[in-house]
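Chemist: Note that the protein sequences, when read in sequence, are chains A and B. Heads up: the first sequence is residues 1 to 273, going by this note's numbering. Heads up: the second sequence is residues 274 to 541, going by this note's numbering.
If you're looking for bench data, these hints aren't it; they were derived computationally from the structure. All C-beta atoms, glycine included, are put in the ideal place defined by N, C-alpha and C. Please note that a few of the clues may not be correct.
Cβ-Cβ distance ranges computed for the label pairs, FRET-style [said to hold, decoys possible]: (1) N121/A to L480/B: 58 to 64 Å; (2) P432/B to N65/A: 31 to 37 Å; (3) L480/B to N172/A: 29 to 35 Å; (4) M269/A to L480/B: 40 to 46 Å; (5) E216/A to P432/B: 32 to 38 Å; (6) T93/A to L480/B: 20 to 26 Å.
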Amino acid sequence: MIEVKDVSFTYPNGVEALHGVSLKIRDGEFVAIMGQNGAGKTTLVKQFNGLLKPTKGEVVVDGVNTREASVATLAQKVGFVFQNPDHQLFCETVEDEIAFALKNFGFKENTIKKRVTWALNLLDLKQYSKTSPFMLSGGERKRVALASVLAWNPKVIILDEPTIGQDQNQKNRLQQFVNQLVTQGKTVVIVSHDVEFVAECNPKIVLMVEGKILAEGSAKQILTNSYLLTQASIVLPQIAQIFTGLAGLGLPTDVINVHEAKKVLLDFMEVDS
Amino acid sequence: MSFFEGLRFRRVSSPIHRLDPRVKFFYVCVLFVMAIMFGGTLKNPELLPLIVLFFIQMPFVLVAGVKREWIRSMRGAMFLAIFIFVFNFIFQFISGSYDSFALLLEYSFSMTLRFLVLVESFSIFFLTTSPDHLGLALEQSHVPYEFCFAFTTAVRFVPVLADEAQTIMDAQKARGLELERGNFIKRIKNYIPLLIPLIVNAIRRSLELAEAMESRAWGATEKRTNLYVLTLRNPDYILVVLSVFMLILAVYVRFFLPVPSLTVLLHI
């Protein structure tokens with residue numbers, strides 16, 4: 001469980017990125033942190049694995065105060081996949097890249113081998129195991145970055161802007177993958193302003209504005225509340241826009257994703273006919 | 274990263290900021306030469322002139338209003354300064370060729386202060402000169418435009434690279450990299466996961482920049498003209514005269530006057 005207790009954070013250059021943020025993320029919960037650029041989303045999740053330590057207040061991860069543990073210790077529990085895979089790839093082969101963290105955490109040689117193979121299979125990268133990560137496409141590099149974090153099987157997985165620069169196919173795959181992680185009981189935290197992607201994933205949403213938490217709630221509650229979303233400079237998901245517009249027809253207004261929309265519309269038409 | 278902060282230009286206006294960059298550079302060179310001229314030997318260290326050189330620059334810092342940034346750059350240089358002090362001290366101590374402990378201390382200190390004077394003058398120069406002005410100055414000193422452009426771009430990208438280095442460091446720390454772990458060799462090796470992404474990204478970015486420039490017709494005309502032309506004004510002439518005067522004075526002191534060491538002066 002991650003507990004954020006009244007955390008404020010100021011960067012060394014004087015920018016105040018968080019003001020008194022409190023938040024609880026339970027084990028196995030799927031949370032999306034949303035808000036416009038500069039709202040403090042990334043600053044907040046960087047507190048979870050100790051990359052940043054709160055200026056005021058405290059962050060407790062599984063009973064450990066982040067102030068009292070090193071990033072390397074916290075990272076074993078909290079895996080963080082950065083936005084841009086190019087900020088972390090440096091090895092000669094994909095295999096080495098995935099093994100890097102495992103070596104850092106002191107896993108045994110044969111465990112490392114097993115875990116690397118497992119991660120390669122998980123993200124469909126087996127054919128690239130001996131390829132240089134720099135030769136791969138953007139989407140593949142992203143998957144390598146993801147595999148290199150999942151390899152040590154952290155309890156919590158943070159994905160910072162996972163959909164940036166990804167085509168629709170990659171997004172769909174990512175969505176399936178995230179759902180898979182959630183069903184496996186992992187705690188997944190995604191930071192995103194890709195409202196369509198979040199609507200499809202249907203997580204709990206934490207809405208941030210100017211370093212504060214504006215609202216918390218289910219995707220349905222938050223993503224259909226145009227008042228809240230306007231404050232956070234986010235637009236309603238397209239499906240929600242359609243359903244809000246058609247409210248006069250007696251359709252429900254709390255529909256946010258395609259799957260649900262299809263069901264609701266089919267039911268509606270059956271009743272009609 | 275704080276050292277880079279000390280060299281980062283902020284757009285403010287002050288009499289120092291408005292000075293011609295060529296003149297400012299000349300002043301920095303004069304200070305550089307003076308700092309090299311003094312320092313003395315182990316028998317007769319010359320701490321006094323270096324102290325003077327250090328404080329002579331304070332008015333510039335105050336007038337330019339860059340006190341905070343200047344302090345930050347000085348703090349950034351502290352690590353290397355301490356390094357210089359300790360090494361001078363240890364090696365001269367081992368060599369045993371010093372007359373008194375006070376002289377040894379003064380010598381080590383003057384070597385350190387010499388370094389600080391150099392950092393100080395360069396810091397003032399970069400803090401008060403915008404990269405654009407710098408490029409303009411180079412161009413109007415008849416340096417080929419390609420070199421000027423490369424130079425200004427390099428300067429402009431320093432903060433970008435510093436930010437990127439920070440992100441890369443975070444990304445690798447999140448994968449369990451501990452920079453402070455292991456023996457000396459291991460610690461150097463720890464930097465490989467930071468350097469490779471940094472270099473690869475820098476090369477990628479430079480290629481992108483090149484393409485973006487070419488698509489905006491970079492180098493299409495042989496002869497370029499500038500919107501702004503640097504002209505020397507009265508304050509610039511004053512600084513030139515002042516710098517030349519300081520240089521002459523320093524040369525005079527160097528060759529014709531004895532420079533006593535602080536130790537001798539204070540009878541320690």
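Chemist: Holds or violated: the 32 to 38 Å window for the beta-carbon distance between E216/A and P432/B?
Modeler: 36 Å, holds
Chemist: Evaluate the given range 31 to 37 Å for the C-beta pair formed by P432/B and N65/A.
Modeler: Since the Cβ atoms of P432/B and N65/A sit about 33 Å apart, the hinted range of 31 to 37 Å holds.
Chemist: Just tell me: holds or violated, for the beta carbon distance of N121/A and L480/B against 58 to 64 Å?
Modeler: 34 Å, violated
Chemist: How does the Cβ-Cβ distance of M269/A and L480/B compare with 40 to 46 Å: does it lie in that range?
Modeler: Violated, since M269/A and L480/B (Cβ atoms, about 54 Å apart) do not stay within the stated range.
Chemist: Is 20 to 26 Å a correct range for the gap between the Cβ atoms of T93/A and L480/B?
Modeler: Once the Cβ atoms are compared, 24 Å apart, the range 20 to 26 Å for L480/B and T93/A holds.
Chemist: Taking the CB of L480/B and the CB of N172/A, does the distance hold inside 29 to 35 Å?
Modeler: 31 Å, holds
When each numbered hint is compared with the structure, violations occur for hints 1, 4.
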